[in-house]
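Chains A and B, in that order, give the protein sequences.
Residues 1 to 562 in our numbering are what the first sequence lists, from first letter to last.
Residues 1 to 161 in our numbering are what the second sequence lists, from first letter to last.
Just so you know, the hints here were simulated from the structure itself, not pulled from any lab data.
Hints may be right or wrong, so weigh each one.
Said to hold, decoys possible - Here are the simulated EDC-like pairs of lysine to aspartate or glutamate, each with C-alpha atoms no more than 16 Å apart in a straight line:
1) 402(A) to 273(A)
2) 313(A) to 53(B)
3) 66(B) to 307(A)
4) 313(A) to 127(B)
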Amino acid sequence: MSRPTEKMTGARALIECLYKEEVDTIFGYPGGVLLPIYDELYDADIRHILVRHEQAAAHAADGYARATGKTGVCIATSGPGATNLVTGIANAYMDSVPMVALTGQVPSFLLGNDAFQEADITGITLPITKHNYLVQDAKELPRIIKEAFHIASTGRQGPVLIDLPKDITTDELDFSYPESVELRGYKPTVKGNIQQVKRAAAEIARSTNPVIYAGGGIINSNASGELLKLAETIMAPVTTTLTGMGAFPADHPLFLGMPGMHGTKYANYAIQESDLLIAVGVRFDDRVTGKVASFAPNARVIHIDIDPAEISKNVRVDTPIVGDAKWVLESLVKYSKKCKSEAWLDKIKQWKKEYPLHYIKSDDIIKPQYIVEQICEACGDAIIVTEVGQHQMWAAQYFKFKEPRTFITSGGLGTMGYGFPAAIGAKLGRPDKVVFDIAGDGSFQMSSQELATVVENDIPVIVAIFNNGYLGMVRQWQELFFEHRYSFTTIKGSVDFVKLAEAYGALGLRAEKPSEVRPVIEEAIASGRPTVIDFIVDPEENVSPMVPAGAAINEIMDLEGT
Amino acid sequence: MKHTLAVLVENRAGVLSRVSGLFSRRGYNIDSLAVGVTEDPAISRMTIVVRGDDHVLEQVTKQLNKLIDVIRVTDIKADEAIERELSLIKVAADANTRSEIIQIVDIFRARIVDVASKSMTIEVTGDDEKIRAMEQLLRPFGIKEMVRTGKIAMTRGAKSV
Ligand SMILES: Cc1ncc(C[n+]2csc(CCOP(=O)(O)OP(=O)(O)O)c2C)c(N)n1
Ligand SMILES: [Mg+2]
Chain A
1 MSRPTEKMTG ARALIECLYK EEVDTIFGYP GGVLLPIYDE LYDADIRHIL VRHEQAAAHA
61 ADGYARATGK TGVCIATSGP GATNLVTGIA NAYMDSVPMV ALTGQVPSFL LGNDAFQEAD
121 ITGITLPITK HNYLVQDAKE LPRIIKEAFH IASTGRQGPV LIDLPKDITT DELDFSYPES
181 VELRGYKPTV KGNIQQVKRA AAEIARSTNP VIYAGGGIIN SNASGELLKL AETIMAPVTT
241 TLTGMGAFPA DHPLFLGMPG MHGTKYANYA IQESDLLIAV GVRFDDRVTG KVASFAPNAR
301 VIHIDIDPAE ISKNVRVDTP IVGDAKWVLE SLVKYSKKCK SEAWLDKIKQ WKKEYPLHYI
361 KSDDIIKPQY IVEQICEACG DAIIVTEVGQ HQMWAAQYFK FKEPRTFITS GGLGTMGYGF
421 PAAIGAKLGR PDKVVFDIAG DGSFQMSSQE LATVVENDIP VIVAIFNNGY LGMVRQWQEL
481 FFEHRYSFTT IKGSVDFVKL AEAYGALGLR AEKPSEVRPV IEEAIASGRP TVIDFIVDPE
541 ENVSPMVPAG AAINEIMDLE GT
Chain B
1 MKHTLAVLVE NRAGVLSRVS GLFSRRGYNI DSLAVGVTED PAISRMTIVV RGDDHVLEQV
61 TKQLNKLIDV IRVTDIKADE AIERELSLIK VAADANTRSE IIQIVDIFRA RIVDVASKSM
121 TIEVTGDDEK IRAMEQLLRP FGIKEMVRTG KIAMTRGAKS V
């Protein structure tokens with residue numbers, strides 16, 4: 001505990017601030033300008049995880065944040081270290097993940113001189129941070145750090161970057177941590193307007209074909225309990241977006257699965273035939289809406305969101321409610337009654353029966369969907385992290401998520417290479433959980449160097465590679481829209497993933513037949529070790545169903561051979 | 001359609017690039033942007049003239065409000081506001097044309113702020129229309145250089161933004 005006006009260096013003060021923010025884990029990589037900070041980290045009461053590439057530090061902080069709800073923290077040196085964070089920061093920004101990124105910077109007197117390892121990281125990250133700071137005086141450090149954590153974790157959450165010139169970290173200051181922040185330009189609206197809530201309740205009372213369309217905002221706001229309450233109170237079916245998976249229990253009769261391009265047919269049909277769309281914590285992404293002009297053509301729209309700028313951005317909204325999802329849903333439940341949705345729910349039941357998700361099963365070749373089902377059966381309460389591609393869609397389609405914060409995926413940016421480091425963050429945040437990274441053979445090669453990190457720190461995540469020998473999602477589009485011309489999407493035989501795992505000291509397993517799938521999953525879980533499973537899967541399996549680009553979402557179709 | 005926004009911001013390094021970056025990134029068209037400190041030295045005021053329909057204006061306002069350094073955004077309606085812009089126009093002038101130019105300057109209640117053997121520099125203050133009209137009339141003499149501050153605006157009456 002530091003006394004109110006203890007004298008200390010900026011580097012020391014940074015550590016004190018992190019204590020005050022109850023940061024227990026940070027992900028980083030050192031460098032010249034960070035030496036004073038790393039010297040403090042050497043014996044600080046904070047777990048520092050040395051990654052092997054700074055991008056992984058940002059993704060790991062992101063995964064940690066999504067798994068725990070706390071703010072993730074990463075640190076990188078000036079110049080290339082800072083620019084290596086950029087993809088991870090952009091990823092967190094797109095999916096509204098609370099994160100504080102710390103970067104070293106050349107000393108203040110060299111700023112603007114193209115000094116060695118100087119990069120204008122506040123300029124570079126301007127469009128991909130919620131806010132950023134270049135610290136100009138060591139005295140400002142406590143206030144800035146307090147503000148950064150406040151901004152990152154409140155309102156619409158997001159990444160905040162703090163650039164720390166080296167001299168700031170060696171200068172002395174009288175340390176005291178501010179009790180509160182004063183930001184006159186930042187006052188997020190938490191409580192929704194009650195008149196709007198009542199108006200929404202009146203809309204609900206008039207509706208016969210309601211659909212709740214819920215997204216990542218539910219998870220950020222810890223509002224899944226309230227979502228369930230609303231759905232059951234008004235008896236409306238619920239579809240959750242990719243980043244909203246887990247916000248509503250997948251085995252619930254009111255659950256519709258995911259909407260949009262690779263959503264379920266019944267979710268898309270329900271949206272298209274709804275008379276009222278209750279959108280909560282979503283942003284009407286183009287992967288969900290398809291052709292916007294034909295999206296939910298008969299529906300009035302209620303949109304609940306913490307970010308006023310999301311209201312009517314893509315789709316015209318009839319009843320906007322700006323506020324925190326948890327607060328607004330709680331009060332909406334109070335004012336709402338059951339809708340006359342019996343006939344509608346019957347119709348949906350019929351659709352579900354008629355158009356279930358399906359794939360052609362096989363005894364000879366491993367179907368990727370089968371692996372997801374088997375992981376789900378073996379360990380239904382695992383945290384599933386994914387890379388980006390076909391495997392990601394199959395994970396979202398076939399895993400039965402029960403709880404929020406158990407599906408962690410790069411939704412907005414679609415970053416290959418995200419999953420493995422994010423899984424590291426998730427496992428450190430939730431050591432009690434089994435953590436799988438459902439990976440593609442392409443994506444995994446974008447962060448496979450982090451095998452060193454998991455082995456060194458004994459972080460037992462399980463990487464399940466869906467090895468189809470292709471950049472499968474791109475190949476699928478080439479098959480469908482470019483006459484099977486597989487231009488630079490064949491990556492078969494890149495590397496022996498089992499040997500790669502072993503080279504780093506991790507456990508490497510392989511399954512080549514369906515009968516081997518379950519046993520290797522069980523073996524990986526039982527081993528308690530960092531593990532890579534190389535699943536050799538059907539190489540040309542496609543993600544189905546699919547809404548062709550530019551089509552309305554009810555034009556969703558099954559692909560051949562599925 | 002044009003809208004005039006008064007944007008109060010923290011008077012800090014980097015605020016201008018945050019605001020201008022937002023406009024270019026989201027594809028909003030700025031006609032002009034004028035910025036200066038206010039009666040409170042910690043606050044700067046930007047006057048931004050932006051083109052777009054009501055939907056664009058709504059988005060611009062909301063996105064601006066999301067910036068942490070933006071304190072307040074006000075849409076200033078032309079009929080309730082005093083709007084001014086200042087322009088300096090350097091025009092070619094010799095003994096033959098000088099008096100004619102002076103006449104135009106007088107009509108517009110503009111001012112001559114510099115005279116040289118081959119040029120005159122005129123300061124004109126007014127709204128966009130007035131400055132354009134002035135420019136039109138001076139063009140035949142040969143405008144050598146012209147600079148405009150961009151519009152600033154203030155609501156009429158006791159109320160402030
Ligand atoms: C960093 C990055 N580069 C490129 C892409 C474009 N992209 C999307 S999916 C995909 C293929 C992914 O291949 P793989 O990881 O093997 O997954 P699969 O689709 O085969 O399951 C590519 C290249 C991307 N999303 N991210
Ligand atoms: Mg692949």
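Verification of the supplied hints:
1. For the given pair, residue 402(A) sits about 27 Å from residue 273(A) by alpha-carbon distance, which is inconsistent with the 16 Å threshold.
2. For the given pair, residue 313(A) sits about 13 Å from residue 53(B) by alpha-carbon distance, which is consistent with the 16 Å threshold.
3. Pair hint residue 66(B) plus residue 307(A) holds up; C-alpha atoms about 8 Å apart against a cutoff of 16 Å.
4. Between the alpha carbons of residue 313(A) and residue 127(B) the distance comes to roughly 33 Å, so the proposed pair goes past 16 Å and is violated.
When the structure is compared with the earlier hints, violations turn up for hints 1, 4 and for no others.
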